[in-house]
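Residue numbers 1 to 193, in our numbering, belong to the letters of the sequence shown in order.
These are computed hints drawn from the structure, not numbers from a lab.
Think of the CB as a built atom: it goes at the ideal place given N, C-alpha and C, for glycine as much as any other residue.
Keep in mind that a hint or two might mislead.
Computed Cβ-Cβ distance ranges for the label pairs, DEER-style [said to hold, decoys possible]:
#	residue 1	residue 2	range
1	R9	R135	25 to 33 angstroms
2	D97	P4	23 to 31 angstroms
3	D78	A51	17 to 25 angstroms
4	K108	Y159	14 to 22 angstroms
5	E5	L49	18 to 26 angstroms
6	G165	S27	35 to 43 angstroms
7	V189	L21	44 to 52 angstroms
8	G165	R23	37 to 45 angstroms
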Amino acid sequence: MEMPEGRYRQAVQLLGAAARLARRGDSALSTRQWVASVQAEAYAGLGDLTACERAMDQAETVCELGGGSTNGGWLRFDGTRLSEERGARYVQLGRFDLAEETLTCALKQTELAAGHSYRRRGAVLTDLAVIGVRRGDAEQVVAYGGEAVGLARVTGSGYVVRRLGALRGELRSLGEDRRVAGLAAEIAVLGMS
Numbered sequence: 001m002e003m004p005e006g007r008y009r010q011a012v013q014l015l016g017a018a019a020r021l022a023r024r025g026d027s028a029l030s031t032r033q034w035v036a037s038v039q040a041e042a043y044a045g046l047g048d049l050t051a052c053e054r055a056m057d058q059a060e061t062v063c064e065l066g067g068g069s070t071n072g073g074w075l076r077f078d079g080t081r082l083s084e085e086r087g088a089r090y091v092q093l094g095r096f097d098l099a100e101e102t103l104t105c106a107l108k109q110t111e112l113a114a115g116h117s118y119r120r121r122g123a124v125l126t127d128l129a130v131i132g133v134r135r136g137d138a139e140q141v142v143a144y145g146g147e148a149v150g151l152a153r154v155t156g157s158g159y160v161v162r163r164l165g166a167l168r169g170e171l172r173s174l175g176e177d178r179r180v181a182g183l184a185a186e187i188a189v190l191g192m193s
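Construct all of the structure, not just a fragment, from the sequences and the given hints.
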């Protein structure tokens, strides 16, 4: 509840309590790793790369758990999205070198995964486009953003459309590039439908 409001310090405190509770719970479930993944997001919001990476490393221990680590109920954290999460945290931290490498690998994973999620692929593409915006690389923005727009059109994913809406808000920083303006217009049309 705290993170959407940008209250990362409060989130870290709350998540610390959640981590303590999870340590007392069933170690065969992925609860501890899920909490660590959420902690990584809060640490990234605070700009703490070291703590973020430590939390992501803890989250990755989910891969060491057996097949019954997801309880079939509310918790379905199985580690399949960890590379995307790590990449998104690096974007959040402004570490575009690390983010691009991680997200490029995640993009390849979404291509290779059987029954891969268009929502996940759209999120990775959008994060890669954001890196392009922050670097001032219109070519990267148009390539990845355009592919994400195509996915959103085909799938109708509201999640990808929302992510693209956030990207659109950043596109103004690239000035008068016609390709970027065209991408912004395409995103606007998606948001209306």
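How the hints compare with the structure:
Take R9 and R135: their Cβ atoms lie about 29 angstroms apart, and the range 25 to 33 angstroms holds. At about 27 angstroms, the beta-carbon gap between D97 and P4 stays in the expected band of 23 to 31 angstroms. Between D78 and A51, the C-beta spacing of about 24 angstroms keeps the proposed range 17 to 25 angstroms intact. For the pair K108 and Y159, the supplied restraint of 14 to 22 angstroms holds, since their beta-carbon distance comes to about 21 angstroms.
Between E5 and L49, the C-beta spacing of about 22 angstroms keeps the proposed range 18 to 26 angstroms intact. Look at G165 against S27: about 40 angstroms separates their beta carbons, and that is inside 35 to 43 angstroms. Hint check: V189 to L21, Cβ distance near 46 angstroms, so the stated range 44 to 52 angstroms holds. Hint check: G165 to R23, Cβ distance near 38 angstroms, so the stated range 37 to 45 angstroms holds.
In summary, this structure violates none of the numbered hints.
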